[in-house]
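*Asks:* Each chain is listed here by its residues.
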Amino acid sequence: RKEVEQDPGPFNVPEGATVAFNCTYSNSASQSFFWYRQDCRKEPKLLMSVYSSGNEDGRFTAQLNRASQYISLLIRDSKLSDSATYLCVVNKGDDYKLSFGAGTTVTVRA
Amino acid sequence: GAGVSQSPRYKVAKRGQDVALRCDPISGHVSLFWYQQALGQGPEFLTYFQNEAQLDKSGLPSDRFFAERPEGSVSTLKIQRTQQEDSAVYLCASSPGGSGELFFGEGSRLTVL
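If you read the sequences in order, they're chains V and H. All letters in the first sequence, in the order written, are residues 1 to 110 by the numbering used here. All letters in the second sequence, in the order written, are residues 1 to 113 by the numbering used here.
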């Protein structure tokens, strides 16, 4: 079983729509959770950290469910510029070692 | 520059050749990581440096892979006797400490023919 699993998508949504997707992680000792964004043929960049209480950053909302070991990302009022692959990232218990999911691809159409 | 710089951006090697990939991290960043990203997959951890010390090399796929960071800044990932399965994007990332946000370079795309 992979350490981090994501629905690969693609999620094709119109501008202005809301899109949400999850990832699951296998290591119950994980303490740190992140969403990274990766544009086609570019490097991953941090989108947001995920906190236990859930957190928002503008149109993006992240939730953590420790009991079920999943993390979610919700994007409201989608923009064309939100088209990207979203990588779910979890630490392995050691602070420095991160596990990346394979990514969920979102395409926002005009 | 202000970000993580990697070179070469693209490398084509014949099977059996040795390659060296360079990473210039953000100045002052203590931690440096190498990841391997195959097509359609997420990055996979290869190795971790704290300053010049290689604290973890558990992700290196074989003894053909070797990484160094002799002066605690620039790092080189060397792959000896390249194989087709080594074809991937090799991403270098740095961070100020051991945890938290990773700042990635644009990667070195290796194609082994």
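Be aware that a few hints might be false.
[Said to hold, decoys possible] Here are the in silico distance ranges between beta carbons for each label pair:
1. Ser58/H with Gly58/V: 33 to 41 Å
2. Asp63/H with Glu5/V: 43 to 51 Å
3. Pro70/H with Thr18/V: 44 to 52 Å
4. Gly54/V with Gln17/H: 48 to 56 Å
5. Val74/H with Lys2/V: 29 to 37 Å
6. Glu52/H with Lys2/V: 48 to 56 Å
7. Asp7/V with Glu44/H: 16 to 24 Å
8. Phe66/H with Leu46/V: 25 to 33 Å
9. Arg1/V with Lys57/H: 22 to 30 Å
10. Gly40/H with Leu74/V: 31 to 39 Å
11. Arg81/H with Ser52/V: 29 to 37 Å
12. Ser32/V with Gly72/H: 23 to 31 Å
13. Gly58/V with Arg81/H: 46 to 54 Å
14. Phe66/H with Glu15/V: 46 to 54 Å
[Said to hold, decoys possible] Only pairs whose alpha carbons sit at most 35 Å apart, straight line, appear in this in silico DSBU-like list of lysine-lysine:
15. Lys79/V with Lys57/H
16. Lys42/V with Lys78/H
17. Lys78/H with Lys79/V
18. Lys14/H with Lys79/V
19. Lys57/H with Lys92/V
20. Lys14/H with Lys45/V
21. Lys2/V with Lys57/H
22. Lys11/H with Lys42/V
23. Lys45/V with Lys78/H
24. Lys45/V with Lys11/H
25. Lys45/V with Lys57/H
26. Lys97/V with Lys14/H
No lab work stands behind these hints: they were computed from the structure. All C-beta atoms in this analysis are idealised placements derived from N, C-alpha and C, irrespective of residue type, glycine included.
*Asks:* Against this structure, judge whether each hint is valid.
*Replies:* Hint-by-hint comparison with the structure:
Here the CB-CB span from Ser58/H to Gly58/V is close to 37 Å, well matched to the stated 33 to 41 Å. Here the CB-CB span from Asp63/H to Glu5/V is close to 30 Å, at odds with the stated 43 to 51 Å. Distance hint for Pro70/H and Thr18/V: a CB-CB separation of about 50 Å, consistent with the stated range 44 to 52 Å. For the pair Gly54/V and Gln17/H, the beta carbons lie near 50 Å from each other, so the given range of 48 to 56 Å is met.
A beta carbon spacing of about 33 Å between Val74/H and Lys2/V agrees with the range 29 to 37 Å that was offered as a hint. Take Glu52/H and Lys2/V: their Cβ atoms lie about 33 Å apart, and the range 48 to 56 Å is violated. Here the CB-CB span from Asp7/V to Glu44/H is close to 19 Å, well matched to the stated 16 to 24 Å. Taken as a hint, the range 25 to 33 Å holds for the pair Phe66/H and Leu46/V, whose Cβ atoms sit roughly 29 Å apart.
Hint check: Arg1/V to Lys57/H, Cβ distance near 24 Å, so the stated range 22 to 30 Å holds. Range check, Gly40/H to Leu74/V: about 24 Å between beta-carbon atoms, so the 31 to 39 Å window is missed. In this structure the supplied range 29 to 37 Å is violated for Arg81/H paired with Ser52/V, their Cβ-Cβ distance being about 47 Å. Checking the proposed 23 to 31 Å range against Ser32/V and Gly72/H shows it holds: the Cβ atoms sit about 25 Å from each other.
Roughly 48 Å separates the CB atoms of Gly58/V and Arg81/H, a value that falls within the hinted 46 to 54 Å. In this structure, Phe66/H and Glu15/V meet the distance hint of 46 to 54 Å, their C-beta atoms being roughly 48 Å apart. With a CA separation close to 40 Å, the supplied pair Lys79/V and Lys57/H exceeds the 35 Å bound. Proximity of Lys42/V to Lys78/H is assessed by CA-CA distance (about 22 Å); at most 35 Å being required, the pair is judged to hold.
About 41 Å separates the Cα atoms of Lys78/H and Lys79/V, which puts this hinted pair outside 35 Å; it is violated. As the CA atoms of Lys14/H and Lys79/V are separated by approximately 43 Å, the hinted pair breaks the 35 Å bound. Distance check on the hinted pair: Lys57/H and Lys92/V sit about 15 Å apart at the alpha-carbon level, within 35 Å; holds. A threshold of 35 Å between alpha carbons decides the hint, and for Lys14/H with Lys45/V the separation of about 32 Å falls inside it, so the pair holds.
Annotation: proposed proximity of Lys2/V to Lys57/H holds, straight-line Cα distance about 20 Å (limit 35 Å). For the hint pairing Lys11/H with Lys42/V, the CA-to-CA distance comes to about 16 Å; that is within 35 Å, so the pair holds. Our distance criterion of 35 Å between C-alpha atoms is met by Lys45/V and Lys78/H, whose separation comes to about 25 Å. Note on Lys45/V and Lys11/H: the hinted pairing holds, with a Cα-Cα distance of about 23 Å set against a maximum of 35 Å.
A distance of roughly 23 Å separates the Cα atoms of Lys45/V and Lys57/H; the hinted pair therefore holds under the 35 Å criterion. Of the supplied pair hints, the one linking Lys97/V and Lys14/H holds, its CA atoms being roughly 32 Å apart against a limit of 35 Å.
Consistency with the previously given hints fails for numbers 2, 6, 10, 11, 15, 17, 18, ordered from lowest to highest.
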